[in-house]
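Colleague: Let chain A serve as the given structure and place chain B on it in line with the hints.
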Amino acid sequence: MSWIDIGHIEDIPLRGARLVKTHIGCIAVFRTAEAEVFAATNSCPHKGGPLSEGIVHGQSVTCPLHNWVFDLNTGQAQGADEGQITTYPVRLEDGRILLDASTVAHRSAA
Amino acid sequence: MKQRLVVIGAGMASGRVLEHLTDAAPDAFDITLFNSEPRGNYNRIMLSPVLSGEKTYEEIVTHDDTWYAERGISCRFGEQVAKIDREMKVVEGVNGHVPYDKLIVATGSNPFIIPLPGHDLDGVIAYRDLEDTQRMMGMGSGNKVVVIGGGLLGLEAAAGMAAHGVDVTVVHIMGHLMERQLDEAAGYLLKKSLEDKGIKICLQANSKEILGQDGKVRALLLDDGTELPCDLLVMAVGIRPNTALAQEAGLATGRGIHVDDQMLTSDRDVFAVGECVEHDGAVFGLVAPLYDQAKVAAQALLGEEAAFVQKTLSTKLKVTGCDLFSAGDFADGPGREDIVFRDPARGVYKRLVIEENRLVGAVMYGDTADSSWFFGLIKDGTSIEDMRETLIFGPAYQGGDTADPLSAVAALPPEAEICGCNGVCKGDIVEAINAGASDLGAVRASTKASASCGTCTGLVEQVLQVTLGDEFQMPTAQPICGCTDLTHEDVRRLIKGQELKSQAAVWQELSWTTPNGCHVCRPAINYYLLADWPLEYQDDPQSRFVNERKHANIQKDGTFSVVPRMWGGITTPEELRAIADAADKYDVPTVKVTGGQRIDLLGVKGEDLPAIWSDLNQAGLVSGHAYSKGLRTVKTCVGTDHCRFGTQDSTGLGIKLEKILWGSWTPHKLKLAVSGCPRNCAEATCKDIGVVCVDSGYQISIGGAAGMYVKETELLCQVPTEDEAIEVVMAVTQAYREGGKYLDRLYKWLDKVGMDWVKAQVVDDRENRAALVARFELSQSIYRKDPWAEHVKEKAQTYAPIADFTLEAAE
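Chains as they are written, first to last, in this note's numbering: chain A, 94 to 203; chain B, 343 to 1153.
No wet-lab data here; the hints were simulated from the structure.
None of these values were measured; they are calculated from a predicted model.
Check the hints yourself; a few may be wrong.
Computed Cβ-Cβ distance ranges for the label pairs, DEER-style [what the hints assert, rightly or not]:
hint: 1; chain 1: B; residue 1: A846; chain 2: A; residue 2: N160; range: 23 to 33 angstroms
hint: 2; chain 1: A; residue 1: G141; chain 2: B; residue 2: D926; range: 22 to 32 angstroms
hint: 3; chain 1: B; residue 1: D926; chain 2: A; residue 2: H101; range: 35 to 45 angstroms
hint: 4; chain 1: B; residue 1: N776; chain 2: A; residue 2: A126; range: 53 to 63 angstroms
Derived, one-sided and incomplete: chain B residues facing chain A with beta-carbon distance under 7 angstroms [claimed, not checked]:
hint: 5; residue: T856
hint: 6; residue: P857
hint: 7; residue: N858
hint: 8; residue: G859
hint: 9; residue: C860
hint: 10; residue: H861
hint: 11; residue: Q884
hint: 12; residue: G900
hint: 13; residue: P1143
hint: 14; residue: I1144
hint: 15; residue: A1145
hint: 16; residue: F1147
hint: 17; residue: T1148
In silico lysine-lysine, DSSO-like type, Cα no more than 27 angstroms apart, as pairs [claimed, not checked]:
hint: 18; chain 1: A; residue 1: K140; chain 2: B; residue 2: K947
hint: 19; chain 1: A; residue 1: K114; chain 2: B; residue 2: K947
hint: 20; chain 1: A; residue 1: K114; chain 2: B; residue 2: K1137
hint: 21; chain 1: A; residue 1: K114; chain 2: B; residue 2: K927
The C-beta atom is built at its ideal place from N, Cα and C for all residues, glycine as well.
Looking at chain A on its own, in the form it has when it is part of the complex:
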């Protein structure tokens, strides 16, 4: 697996998120703790709410539109809601955030 550097951990506010634009759509990169990041699709499966704008708590995010909560480890909706978001491999190296190159380099069929 090859990794692409997208930025520094300090570019994302603690318990916040930033967007990465790719050909497969927007990916949200969440910073859940001082040195802990997750990546997942930005779009909520319910009504397409922007997850990067949600409140980040524990290792979860709450969609800002209708409060669906997703576990960022599994992408699974929590509680009574049923749904799944795609999660992507991401890692931290010396404070740099690295995304899997195949995720971002993937070209859409169009």
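Modeller: Structure of chain B alone, referenced to chain A:
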């Protein structure tokens, strides 16, 4: 003819006598009540929750002025009694004599002060009354306090002060804490959890001397040479019955005032109750037997037959997070056997002491849910032969397989004591319920169960549930969310009381079950912290809903709306041109006039926000906070400037109010309006705060709403000048900010506190009004600013993607 009854001392025991007497025979006595404290009867055992900030003094008052007035009791509070003249049957108060036919001596007890050298220095106090409590509440972080005495009272004092950040050391002469109620193992667990709260504990420590400087306490010197520096020294080593007055009057006294089973002293017309008495060789410090005495004394006064009987007692410690219970006798001895259960990981310890197949003592730490069942077994001397193997697991395991928490309560026999303070057993409560008491308040009113220290409230509710089944709704004191058991009100009070000034402090000190809350509690806690500690706490954007974090309203397609402020609804051609230019430049699909007299640009892309704000800023436009739980708009009509009916300059006042209030955060959105005459064209009477101008001044009314719920405002006051109108509006806003529950509109807060309270706070009490205004101004020194300009300057890059691979690929 009415008999004259004089009562000396307005404590919990005599208070209970008066309750029984005035309930049973309201016209039998002319009552005069002396108290050396300048107040009436309050629930002294609740001073510890007051000290730790979990309760306020007002909440622990048992009898207020109205109560005494309704019963025609003549109160002589703050007045010392100099002498009892038994021959003339007169009580000599320092402000005058009062003759009596019957007298009750309820002089209570005095704290025991160890006569160490230096015990009379300033800053050496006991823990007995409200004054002592207030002295301790005056300590904060940066202060050091030494508490001598590791018993019930000393530990409650230490924990209460530690909750305020005070550096507390407890000095105890024995080898473990609370040695009279706990065995060594439970004492160890208690020490450990107190140390986790930051309290230092010195055991087997002998105090030698209290050191002072300039007449003030400086340190405590132990006999091993250790010096413990302190700003305050609290002695909580025990109490002595206060018998001085009785002794001088020639009543028979020993350790306390001697009383018989009817609470009569050696004089047939003089009764004594409470901590000042000695009955059958025993003196009393816990509240339950005092209440029994009070009942007996009242009955004896009314000529009924009654006798006071001493009972086995149990103890609970009122320190949040330290759950302990002890009852009966748990010393080792021949013929005694122990059943012990330990779960070190949960910090649970239970020990039952058994003698001849009967339970004689119980000590529990960490899990005391079954304590009243065990206490019942001890008191009744029930044979435990058949259930010995499962005894320690509690009533739920006796002959049943259900783990329903209610089954424990259902299994209790009618004689089981539920409320230790008031000696109310399950049968009494069930009887009251069957007689029509269908909620906690009604049960409390008819039986007094849970009306004193309150620790049995949960049990009483469970009895209600077991008895009424589905007819009983558990009360709706809802916790904030799944992260905590505490309600909004609890949390607000604890944030202030324990001076919690960061989110981390709230999670830790209030035992949140999640690492950093959730989308429900975080915004609430963030609001409470910034409202209560404007200078110390820094607003956390990551704990805000997206609209308040991005200072724009998110729309269903993920775009945002932008609403610049138009002060009082007044604008200029230049502003309108700037708005039109921005709408063109950023392809704004919809431009709409809002109900708050301004213009909404809908459909702006998130990444364009800093740029459009910057353009609007250039024209002098700032954020309209159309997205905030804070001040939205001040709607106005044109007033005396143009209108032939206008009585005052309503537009001018609206602009002034908006310039003062803008940027402030409130529990929910806050909308104002100012109308220039009672025709009310600005619709001020359905706003959170509305001002209607009249010839003679300004009518300010509050608590309106026009959303899902439509409600007209209620009149708060009328004031003659514009300055005063502004002051009242600021004060009421601040009172709402300080007291309101997060996401309660002003009318909901008003429903809870009542208009009379608000009037008293902001209209009648000028000093308090000024203080509210000052606190509002202090907060506004931080928050009265344009967040758009700030974000343009400092945060613009966060609105753009951190990386964009679509551009790269397009090359």
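Colleague: For every hint, state whether the structure bears it out.
Modeller: Cross-check of the supplied hints:
no.: 1; hint: B/A846 / A/N160: 23 to 33 angstroms; in the structure: holds (24 angstroms)
no.: 2; hint: A/G141 / B/D926: 22 to 32 angstroms; in the structure: holds (28 angstroms)
no.: 3; hint: B/D926 / A/H101: 35 to 45 angstroms; in the structure: holds (37 angstroms)
no.: 4; hint: B/N776 / A/A126: 53 to 63 angstroms; in the structure: holds (55 angstroms)
no.: 5; hint: T856; in the structure: holds (6 angstroms)
no.: 6; hint: P857; in the structure: holds (5 angstroms)
no.: 7; hint: N858; in the structure: holds (6 angstroms)
no.: 8; hint: G859; in the structure: holds (6 angstroms)
no.: 9; hint: C860; in the structure: holds (5 angstroms)
no.: 10; hint: H861; in the structure: holds (4 angstroms)
no.: 11; hint: Q884; in the structure: holds (4 angstroms)
no.: 12; hint: G900; in the structure: holds (5 angstroms)
no.: 13; hint: P1143; in the structure: holds (4 angstroms)
no.: 14; hint: I1144; in the structure: holds (4 angstroms)
no.: 15; hint: A1145; in the structure: holds (4 angstroms)
no.: 16; hint: F1147; in the structure: holds (5 angstroms)
no.: 17; hint: T1148; in the structure: holds (5 angstroms)
no.: 18; hint: A/K140 / B/K947; in the structure: holds (18 angstroms)
no.: 19; hint: A/K114 / B/K947; in the structure: holds (15 angstroms)
no.: 20; hint: A/K114 / B/K1137; in the structure: holds (19 angstroms)
no.: 21; hint: A/K114 / B/K927; in the structure: holds (24 angstroms)
In this structure, none of the earlier numbered hints is contradicted; all agree with it.
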